[in-house]
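Please model the complete structure; the sequences and the hints are all you need to start from.
First to last, the sequence lines map onto chains P and W.
Anchor point for the first sequence: position 220 equals 1424 in our numbering, and the numbering is continuous, going up by one each time.
Anchor point for the second sequence: position 237 equals 342 in our numbering, and the numbering is continuous, going up by one each time.
Derived by calculation from the structure, the hints in this document are not laboratory data.
A couple of the hints might just be wrong.
[Unchecked claim] Derived, one-sided and incomplete: chain P residues facing chain W with beta-carbon distance under 8 Å: (1) V1276; (2) S1280; (3) E1292; (4) L1298; (5) A1312; (6) P1315; (7) R1317; (8) D1387.
Yeah, the Cβ is synthetic: ideal placement off N, Cα and C, and Gly gets one too.
Residues per chain, in single letters:
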Amino acid sequence: MSAPRPAIEAAGLGRDYGSTRALESLDLLVARGALVGLLGPNGAGKTTTMLLLATLLRPSRGTARVFGHDLVADRSAIRRCLGLVFQEPCIDGLLTVEENLLFAARLAELPKRDALKAVDDALERTRLVERASQLGRQLSGGWRRLADIARATVHRPALLILDEPTVGLDPEHRDRMWTLLDDERRARGTTIVFSTHYLTEAEACDYVVLLARGALVADGNPAALKATVGNDVAEIEGPDAARLLESARGAGAVRTVVRTERGYRIGMSGPREPLTALAAALPGVSRFAFRPPTLEDVYFERTRRDA
Amino acid sequence: MRVVTPVYGIVARDLGRSLRQKGRLFGGLARSFMWLLLVGTGYNAITRIEGAASYQAFVYPGIVVMAALFGAMLTAISTVYDREFGMLRLMLACPAGTMAVLTGRALSATLVGIVQGGAVLLCGPLLLDLTAGQLAAAAAVLAVAAASSSLLGLLVAAPLRSVENFAAVVNVVLFPLLFVSGALYPTARMPLWLRGAARLNPVTYQVDLMRVALGLPGELGVVPSLLTLAITSLVVFGLAAWLFDPEHRFIRRGAP
Chain P
1205 MSAPRPAIEA AGLGRDYGST RALESLDLLV ARGALVGLLG PNGAGKTTTM LLLATLLRPS
1265 RGTARVFGHD LVADRSAIRR CLGLVFQEPC IDGLLTVEEN LLFAARLAEL PKRDALKAVD
1325 DALERTRLVE RASQLGRQLS GGWRRLADIA RATVHRPALL ILDEPTVGLD PEHRDRMWTL
1385 LDDERRARGT TIVFSTHYLT EAEACDYVVL LARGALVADG NPAALKATVG NDVAEIEGPD
1445 AARLLESARG AGAVRTVVRT ERGYRIGMSG PREPLTALAA ALPGVSRFAF RPPTLEDVYF
1505 ERTRRDA
Chain W
106 MRVVTPVYGI VARDLGRSLR QKGRLFGGLA RSFMWLLLVG TGYNAITRIE GAASYQAFVY
166 PGIVVMAALF GAMLTAISTV YDREFGMLRL MLACPAGTMA VLTGRALSAT LVGIVQGGAV
226 LLCGPLLLDL TAGQLAAAAA VLAVAAASSS LLGLLVAAPL RSVENFAAVV NVVLFPLLFV
286 SGALYPTARM PLWLRGAARL NPVTYQVDLM RVALGLPGEL GVVPSLLTLA ITSLVVFGLA
346 AWLFDPEHRF IRRGAP
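Spelled out as structure tokens, the structure:
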């Protein structure tokens, strides 16, 4: 028996809007059950990538397969295993939560009995039972988003695509949302692709795709990406920050440099002591601190370097 | 026939929404009765139409069609709300695709049009001497008129991006469709250019069919009117499907 196809295989996937090249050429291989974060500044091509994978757009070039189904030729098959969450919750304010879920189940072509059961399951799973008969417009922003997740998962899709799902959520609802998605992954092996501007959310990903101006600028698991910055990041500020940077460069310890408003973030390889000694000798260095690299360092380094 | 389920889902949702918007529902009914009672009674005193017992009797078929036109078109045009709040994109991403979404929306808009036109039609025996056969024929025409209007509504909604344009559409599209249809005055007495415009207006054929169904003289003939409505509806549905395709929308609008 052959191994199951990956969740997503894309080769040279690209999209233009008239003369604007929104997505250059994306190669992507996403394993089933993976948690994938799409990162990048506004206009990087994240939403275009997601709309392409959701079959709401046709590619201008390249090919892609979702669970082995061709993105252009087998759109219906892909849509059957797809759950979508957009930036704004898609919950009809004039329908109750239960009616919203039933509507989603019918859109997913579930037969009547299956649809009713799926709605009950989704309400249970997302702890929305008590709010089942509330109108969508009566829900707070946080509960609307949770109802939206219930809506997107009511038919238990194998692939969930979420476009900035945590925008505007308080920490409590954000946590609840991620718990729901984690449960979905654990219970069903659901593949999740999401975009976010909150880089800490991407730390838990199996795979991170960093886009800038429509092109892939980095991809890999978060640990590997952070390792490209160095083993430490030194944050330096003050009038002598540039001199310290030059000295560090001379010592050959600098791997990456990001200019900030007040100084530099330097990705370091090698021991900390030489740079600490250099900083101590420069009175114009007002702030000097080491910390482990984060995805934010990768983000700034890759997106600014290519600017 | 998996496609039936999403179509049914869309119809059930739209009707559920309509029932919760009672103000809109009653407002639609009130509009028709206001035209019939207030405008109709007023014009009765100053206008005589050839071949009709009174202006009210003349205008009655047009008011039935108007009720269906406004009910169906406004429901269909409310698709723009779904677009603004992201529901349309969600629907268009369903496995059944754009055609199923438009079919569902057209069906629900048709049903709303039938309910609103039907309420006016039920009052017909108070104004005209109607047989059961004429009422049945009028009900059939009402269904045709509501279906045709719902498709027109979808076509109007297709290029709209924002609910802010909604009121303008009522003034710029719905009222001209009604005024240049022979619903309120005979097209035969219109200036030539307006008569030409009336011939291009699908509502003219709906009104004419309704007149014939209710035993009043028509101008255009039943078969040509039915054929015209069938052809325009097919063309309008095709155009709407093309315009609603997300692909087409993004080509026109640029990057999301």
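How the hints compare with the structure:
Hint status for V1276(P): violated, given a least beta-carbon distance of 11 Å to chain W, over 8 Å. Given hint, S1280(P) at the interface with chain W, holds; its Cβ is 5 Å from that chain's nearest Cβ, closer than 8 Å. For E1292(P), the interface hint holds, the least distance from its beta-carbon to any beta-carbon of chain W being 5 Å, beneath 8 Å. For the restraint placing L1298(P) at the interface with chain W, the shortest Cβ-Cβ distance is roughly 5 Å, inside the 8 Å limit, so the hint holds.
Residue-level restraint check for A1312(P) holds (minimum Cβ-Cβ distance to chain W is 7 Å; threshold 8 Å). A cut of 8 Å between beta carbons decides the hint on P1315(P): the least distance to chain W is about 7 Å, and the hint holds. For R1317(P), the interface hint is violated, since its Cβ never comes within 8 Å of a Cβ in chain W; the closest pair sits about 12 Å apart. Contact between D1387(P) and chain W, as hinted, is not supported at the beta carbon level, the nearest pair being about 23 Å apart and thus beyond 8 Å.
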